[in-house]
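Enquirer: Dock chain B against the given chain A, drawing on the hints supplied.
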Amino acid sequence: MSIRLGGVAIFVIAALYTYYGKDYSAPFGDVLGPAVFPMIVGIPLMVLSGSLIVFPSGEVTWPARNHLLRQLAALAVLVGYALFLVPLGFPIATFALIALLGMVLGGAPVKALILGASMSLGLWVLFDQILGLPLAFLGSLFGDF
Amino acid sequence: METLSLLAGGFAVAFTPLNLTLLFAGCFFGTLIGALPGLGPVNGIAVLIPLTFAFGFDPASSLILLSAVYFGTMFGGRISSILLNIPGDEPAIMTTLDGYPMARAGRAADALAISGVASFVGATIAVIGLSLFAPLLARAAIHFGPADYFALYILAFATIGGISGIDPRKTLISALLGLMIATIGIDPISGIPRFTGNNYHVYDGIEPIVALVGLFAISEILFLLEKTVKERTKAIHVESWLPSWKAIWMTRWAMLRGSFVGFVAGVLPGAGASLGSVMSYTAEKQKSNRDGTFGKGDPRGVAAPEAGNNSASGGALIPMLSLGVPGSGTTAVMLAMLISLNVQPGPLLFERQPELVWGLVASLYMANVALLILNLPMIGIFTRLMAVPTWALMPIVAAVSFVGVFSISNSTFDLELMVAFGVAGYILRKMDINLVPLVLGLLLGGDMERNLRRAMSISDGDWSILIASPISITLYILTAGFLALSIYLMRRENIREKALSE
Chain A
1 MSIRLGGVAI FVIAALYTYY GKDYSAPFGD VLGPAVFPMI VGIPLMVLSG
51 SLIVFPSGEV TWPARNHLLR QLAALAVLVG YALFLVPLGF PIATFALIAL
101 LGMVLGGAPV KALILGASMS LGLWVLFDQI LGLPLAFLGS LFGDF
Chain B
1001 METLSLLAGG FAVAFTPLNL TLLFAGCFFG TLIGALPGLG PVNGIAVLIP
1051 LTFAFGFDPA SSLILLSAVY FGTMFGGRIS SILLNIPGDE PAIMTTLDGY
1101 PMARAGRAAD ALAISGVASF VGATIAVIGL SLFAPLLARA AIHFGPADYF
1151 ALYILAFATI GGISGIDPRK TLISALLGLM IATIGIDPIS GIPRFTGNNY
1201 HVYDGIEPIV ALVGLFAISE ILFLLEKTVK ERTKAIHVES WLPSWKAIWM
1251 TRWAMLRGSF VGFVAGVLPG AGASLGSVMS YTAEKQKSNR DGTFGKGDPR
1301 GVAAPEAGNN SASGGALIPM LSLGVPGSGT TAVMLAMLIS LNVQPGPLLF
1351 ERQPELVWGL VASLYMANVA LLILNLPMIG IFTRLMAVPT WALMPIVAAV
1401 SFVGVFSISN STFDLELMVA FGVAGYILRK MDINLVPLVL GLLLGGDMER
1451 NLRRAMSISD GDWSILIASP ISITLYILTA GFLALSIYLM RRENIREKAL
1501 SE
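Chains A and B are the protein sequences, given in the same order.
According to our numbering, the first sequence is numbered sequentially starting from 1.
According to our numbering, the second sequence is numbered sequentially starting from 1001.
Keep in mind the hints are simulated off the structure, nothing from the lab.
Glycine included, C-beta positions come from ideal geometry on N, C-alpha and C.
Derived coverage of chain A by chain B (criterion: at least 3 residues anywhere in the stretch with Cβ under 8 Å from a Cβ of chain B; other residues may be distant):
1. 15-21
2. 48-57
3. 71-81
4. 121-133
Just chain A, with the same shape it has in the complex (with noise of 0.2 Å):
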């Protein structure tokens, strides 16, 4: 049932692609043009995702719903962190991923908070001091960016 669906949305994305594709023109220039080569790509995409939903292979197990829940909980530590690193700055963000991150993990929550502080301000210290990368010490929140 899973392959058929992903089957579906691929055969959607290939569908919208192929859609908005074919009037891609331009006035000059060479003779194939910008929209033959997104047909050759989606046509195909819409037959083979299109022979998966009748014909799919292979089955899917999902995760139980405990460690789906993890798997959420760790997504949106990632997410969070690409929202919030210029706010807070480089070490505060960092160090609440890998704390947070590392107890999702199944570390303990004491020393996932050790390693994050450690890390964060070790990476920091690396990247930005040693290797020159330019990485935020404190975020746009507190006036430093």
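Expert: Structure of chain B alone, referenced to chain A:
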């Protein structure tokens, strides 16, 4: 002779203080990445690429660093295979078969030394092969026209999945998805934006490195969370790291045979290091398993697959450098870095930037020696570092990935995109869709379209130009033959499974 003088020039490139430092650092971190279970060569290199990119090393130095890491991972994978019975990376699976039994029988030092020397022999033979054959292949490929390149890319997509018994439709779907992503952004020929949704972040296209790190590193974290993290088995305690030299000498023929088989497997498209080690082990077992000692700790069963996987990983660099078409996941990731550095591998690379190619080859010779030096006496340090638990390792990997990706563009949009690619990669991998063809499509898509359009310009819109040259016809026949073979193998697998379940 010409090769020798070019190679001498290459050693001059590699022998700068910066490049030597990068070489040793790469070897060290590569061995570590290889030895840590859960952090395979593809993931490890994918995470390191944005960093090399961010430091602004020139292409030759970046390539030296990453090749050292690449060879290092192949050396390192065996350590956890032998001491933990967990392969550090995929190609090291075969090494567990005889390596772990040897270690349990108290011969861990021998097993580690044999596999280290075998890795060295395999990798060195592969690099010699690379110096000899890559220029020849590049010279042959110089006659390829745009239509032939188009055919070559189609062959690459059909074969990258390998003969794995996995549904070939899924390989093609993966490749097409990659090509689809490659068309996002401003069309370089006509200058109009395609599939951008008016989002200015994607006008330059999707940065392959962002996609790569997401697809491999982030999806790996999601995979880890599927299972309850178990306490790892304790590594076998080793009293003395001193091996018996006689035991190493006894396996010399197994090493040479394994290197040869592995090299051939590596050069073939879609095979790579994993298949190289499987084939070398199987071949050696057929040759030497007279007393039924294989699988119970036979030293030749350690030597052959390790020589094979290192030799294959060297051989896999040949099609990547001389044709611009990688044959394995890891070389696809290295191609991503080269393209990001504006280096287009292929036959012209050997003519236009010989110092880069030969600098790389020279550094591979040096990396081998460095790895042998690192791996024999320093094996104790690696085993200690191997004890880092997964809950601590993966968050650090995530943080380093974020730093690397962020430093490319300083845009948090790329970070969000990377996480999105991680989720997509996880779902695709759950559906048994291999991600390597997708990466290949993403990398080669632009070039593939350019070659198609150039060919059509030459013929003024006549499609028959695609099958007008003997080169392209041969390539299409190879593609068809390969697809037929993999469909046949899948059928046979299905029939066998049905027969088993009945």
